[in-house]
Amino acid sequence: MTKLPKCDEKKLGLLIDLDTCVGCHGCVVSCKEWNSSGSDKQLSDINSHRRDPVGTFLNRVHSYERENCNTNETEPFYFPRSCLHCEDAPCVTVCPTGASYKREEDGIVLVNEDDCMGCGLCAWACPYGARELDLVSGVMKKCTLCVDRIYNEELPPEDRVPVCVKSCPTGARAFGDFNDPNSDVSKKVKERGGVDLMPEMQTKPVNKYLLPRIKSKNSAVSSGSGVEEETNAKGLLGWVDRALSKL
Amino acid sequence: MGTEINSTKNAERVSKTTCYMCACRCGIDVHLKDNEVVHIEGNRDHPVNKGVLCAKGAAGIFQHKAASRLKKPLLRVGERGEGKFKEISWEEALGLAVKWLSPIRKKSPEKLVFYTGRDQSQSFTGWWAQKFGTPNYAAHGGFCSVNMAAAGIYTIGGSFWEFGSPDWEKTKLLLLFGVAEDHDSNPIKRGLGKLKDRSARVVAINPVRTGYNSIADQWIGIRPGTDGLLVLSLVHTLLKRKKIDLDYLQSFTNAPFLVNISSTDSNKGLFLKDKDGFPIVIDHFSGELKRFSDNGVKPSLTKSHSNKNGSFKTVFTLLTEKYLDDSYSPKLIAPQCGLKEEQILSLAEEIASTAFNKVIHIDQDWIDFRGERRSGFVGRPVSFHAMRGISAHSNGFQTCRAIHLLQIIIGSVDVPGGFRFKPPYPKPFGAHPKPHFKFSPDSELDGPHLGYIGGPEDLAYDENGKPARIDKGFTWENPMSSHGLMHTVIANCHSGDPYKIDTLFLYMANMAWNSSMNTEETMKKLTEKDADTGEYKIPKIIYSDSYYSETVAFADLILPDTTYLERYDCISLLDRPIGEPDQVSDAIRWPVVKPDRDVRSFQDVLLQLGALLELPGMVDDKKKPLYEDYSDYMQKHQRRPGVGPLAGFRGENNSESGRGVSSPNQIEKYIKNGGFWSEKIPENAQYYKPWNQAYQKWAVKKGFFDKEEPFVFQIYLEPLAKLQNHQGLPDNLKPQKYLHERIEEKMDPLPIWWPNHDQEKLEQYPIHAITQRPAAMYHSWGSQNVWLRQIHGSNKLFLSESLWKANKFEVGDWARLTSENSSIVVPVALMRGQNENTVWTWNAIGKRKGSWALDENVEEANEGFIINHLISDLLPKKGNGYRYSNSDPITGQAAWYDLLVKVEKVNNPSKVSHPQFPVLSSPLDVGVDKKK
Amino acid sequence: MHPAPSIILFTVLSGFGFGLISITGLLQFFNQISIFDLITFSILGIIFSTVGLVSSFFHLANKKNAIKSMSQWQTSWLSREAISSIFCLLLVSANIAWVFLQNMYINEVGIVLFFLALFTIFTTSMIYAQLKTVPSWNNIFTPAIFIFAALSGGAILLTSYASLVTLLVFGTLQILFWYTADRGFKDKETSVGTALGFDANEEIRPFDAAHTNQNYLLNEMVYKVGRKHSIKLRYISFFTAFVFPMSLILVFPGEFSISILAILFHFVGVYFSRWLFFAEAKHSVSFYYE
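Residue numbers (this note's numbering), protein chains in the order written: chain X, 1 to 247; chain G, 248 to 1179; chain R, 1180 to 1469.
With the rest of the complex left out, here is chain X (with noise of 0.2 Å):
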């Protein structure tokens, strides 16, 4: 069903922290490999040895230059960008076939590809680029928080979470229940100020962002703190003579 559920129960989701991504890529291709494993539902690749390939890709990381006004420095940061799993998801309701759907008891945002016609306007209406038409099985793809491994009980427990979260090599991205105030990622969010995008768009994304924290251009002390006088090589030898008689 296109109508939205309401998720009271829980509503799962990625915190991904831009202060410490370091545009590996290592998600992007994490997330191409697990979800083109071992089924034959497969994100595909058109061109593959060839000039314009074209694959679909659910997770995409993104590299930006911010001009950060206070510092007047030009701070580079990267953005991995996939589905937010927005609690009011027009992707959801546009849908005309009831492919598109949002779990009730956990959030999740899922295209049933059996259902799915390849229309693709839920890609329209998607503000954030989240979904990706398949071009050879005709049907939408995206992010589907790993619902086959989180659930999955042939994983032991620590793997069960999405296949992101696990191969991110900073721990860029965590997982979690964002209903719940004392989860890993609702503790972080209220103590680093998590952002929705596009808050405009009235999506209410589940998935939040941290964003780089304040950088500096000199270093944290500065440089007249705590000086002692200064020395010359005559002065140093004589201190260090009397500072080795005290050791």
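Read the hints as simulated data drawn from the structure, not as lab findings.
Keep in mind that the hints are not guaranteed to be accurate.
Residues from chain G shown here face chain R by an in silico Cβ test under 8 Å; the list is partial [unchecked claim]:
#1 His1039
#2 Met1078
#3 Glu1106
Ideal Cβ placement from N, Cα and C applies to all residues, glycine included.
Knowing the structure of chain X, use the given hints to seat chains G and R on it.
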């Protein structure tokens, strides 16, 4: 509804092995179904990656199933460089190789030149070359990071990258020098994440602010090649402000050693030693001369001494005199580095306040090398990591030494919160072999090829004073070339200098493309024929690779290798170990799937060749092969009694580690254990390892060395002093005259800095051009991958805003980049976060048309480019007419990042980068789209 | 947005078809149409709307599930459109059959058809107008121009001076649409800043590509048309869709052959208008790429 989306991966089994997508060597879980690889993820238990995986690792499945995999041995049928081959059987291939190699070995083994590239079995390939008897062996370290390795080993007995790491758990300030995605990439990323969690500070010194540098709290956009100046200015400032760790300097370094400063004595520059060769110091309290290592000695750092042999000053005094000189003051240094004085001063202050005001104390008594009990591990929580941006300059060795000096004076090496060694390191240079190069017909070499010289007496010359090695390693031109000089091999083989060779045997090195300087010229040298004989100047070339890389087309005989999931390998303590500061580890690779092509693991092939050539150590008395294959070697081979390639699960019950008899089911144990072995260092041996008795005893027990090897840090490097003061040498050891000035200037036993370019050149070519490998592709063995090429399918030249504006560039424009050597035409892009006098691009994205099973119209071969064409392998003629190699004068490290260029906007309607080369023929079809 | 020919043809042709049905229905209600004309134009309406629908069918990447598109009428405008168009086509077919067999028509059926066809066009327009991601569509002028574009076609063929009124309204609405569309994201908070979680006025630019080639998103939703080019096309569209047909109708009132000429001009004009409707529309995802 929808619950079946990709539901489970339904893998039948998971095999745990080791990744080979870069030098990181993470543990991977390979999921298999119907004997096909369906999924690869990180191994949570593995000490290196703890479950994480990078983009390359996750794309491994397409490295394994790449369309560019070679299928059968190939014999060249066209001209060299065309790419025309016929398939032959392994019997023919090995027969041919033996036919070529056997007479060489019998008559003149040096005519085999054997160099390996991204080889992770160097202790094995080196051993093979030694048994063959050729002095001409090295891996790719000479053009990779020998500056880092040699400076580290010589100075502190270990280096950044594999031999140590910042104390990620405890450090409070990390300085990253010239670090892009690089060796140890996942451990560094994991570590940076930990620092972020603790809000520890990261300062990045790098001309380009990408990747790790982008998340640093502070970025210092230094001018390339000037890091050494910055560091020495920090040393100056810390000395001036008396922010140094005197106890550390006095106890653990050669700061109190006495240096002969008399200008006439042949011992000039050498340490005062007793008749048994032990260094002598002056006791601070008694003023008496004592052995440094004697019990109860408190060495003076300042007192001088004179005797009939001359006058002596402590290293510390020399250091003080040198670095307190005003020429190192931040005010004078800052403009040369493109920085502000304030940046250097405040950085020095931050280092000092972190090291001395935020001291860590771990309550754990330990006993030092003198047998004195010390209460607690004191930690100065400032850590450093440096990499390619430092090492790939011709002043890189001294710069890296300067960084170690900075670490040493604040007492932050192998202490809590500082830089920590990973076992089996630390290992001082004296405990490493010296270079061996004495060859004779039909016999093995006199010892391992690569090592660390102690002075001019260890240089590699033959009895006629000619360089013994084809790469001129360990000669006065680059005396400390501990990894050899792979980048000079093709040029020297081509010109027959210092002697003519017969067969060039290469493994996994893309020398006809992105791993060579001056690529176009290199290709010519590989294909040029002797005008008189019509034969190729390099008579025979054998090459082993798994993929149809650009270099395959330039070989006569191709021995196709397997992929990393189809082979045995050992990540050995005898080689480049994995491991973390608190534990020792090694690991294996094993064939989790069988090859579906007629290919063989290169190591197996070497053993087969060795047996056919009847090399010592590879056949028994009856000339029967000693090893069935490489896995058999991994288990049975012993380098020293009880010490073999794998340290874990030794002994009859597999219960011993480090030392123990070989076990026939050792590999089985590794496989059961997840592909690796790991053991924790005892608590009281975790820090201060070079001087910590508990560690030294444990290290001997584990077989890292056979006797305890405590040592002091070499602030003053005596072997360099021996080279620098060459005047007193006997005639047969003397350097050629044209080298004198350079040797005296550069071989300073205390770290120094020099500009990599003269002013005249800087005026003509004012822009630095550097490269970095993207994180998603770094150091990957095969560099083409179906998924990764969608992320980085072409590259652009990134220009700073001032260059962008000065040349009126617009989006979509092209530029001509001209160096002393050549010029290229490339697409440009703007990036503000970089040093204004620097341009950069992603390395090795550009491919040659026809290679890698790619269609010739691909972006990589049209818009994509490499800047190797601009980098000359030889520097222009100097006044004396001699062309030095473009390398560090001490180590021979290839100076990739010394490149200077000028940039101009050009109209390029073809939208294709230049130069372009003829399309290579390919024994393979262009890859097709397929499911995983 | 990518101006896909299948979508442009779909909206233009089906709009024209349902417009014809709608106008025919209106005339039927007011008894202003001959039985012959009613049957002819109803059939024409069916043909055009069906060709349009078939064209949209070819836009689907997974056609076998097209039938399921009628299931989600509670939330989805596309679903409503599918249902409404099918109902409309069924009813108009029944009407034709009745008229053919009985040689008479029921006026009341005409008004039902008028509203049903109009509603169908409205549902089509709402597929676009509902999208907050494309502010140039997300306003009342989108349904307005869709409806009047559709009605004008029918009106040109079936009425004389009344068509001048619809064309005049359509022309006015088209100008208002362009005016609104040009505001695009300018009145919205959305910017590269908010797309990345920062303040709206942050100065942020990409320095390296997330992927060096086109992907589905770029192909589908990030389309660049030069401003100069688009102004030129607007003039062409405006003249062919309104000025020429109106002039022709004014000069040669009631000439059916002239109506055909006028409708051809009009058709070309609407095609250009619709091409611009897509090509000029900026989707919020483009903030991630520019």
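**Q.** Cut-off 8 Å, beta-carbon criterion: hint that methionine 1078 of chain G touches chain R
**A.** 5 Å, holds
Q | Status of the hint placing histidine 1039 of chain G at chain R (closest C-beta pair under 8 Å) | A | Hint holds; histidine 1039 of chain G Cβ to chain R Cβ min 6 Å, cut 8 Å.
Q) How about glutamate 1106 of chain G: closest beta carbon in chain R under 8 Å, or not? A) Since chain R brings a Cβ to about 7 Å from glutamate 1106 of chain G, closer than 8 Å, the hint holds.
Checked against the numbered hints above, the structure breaks none of them.
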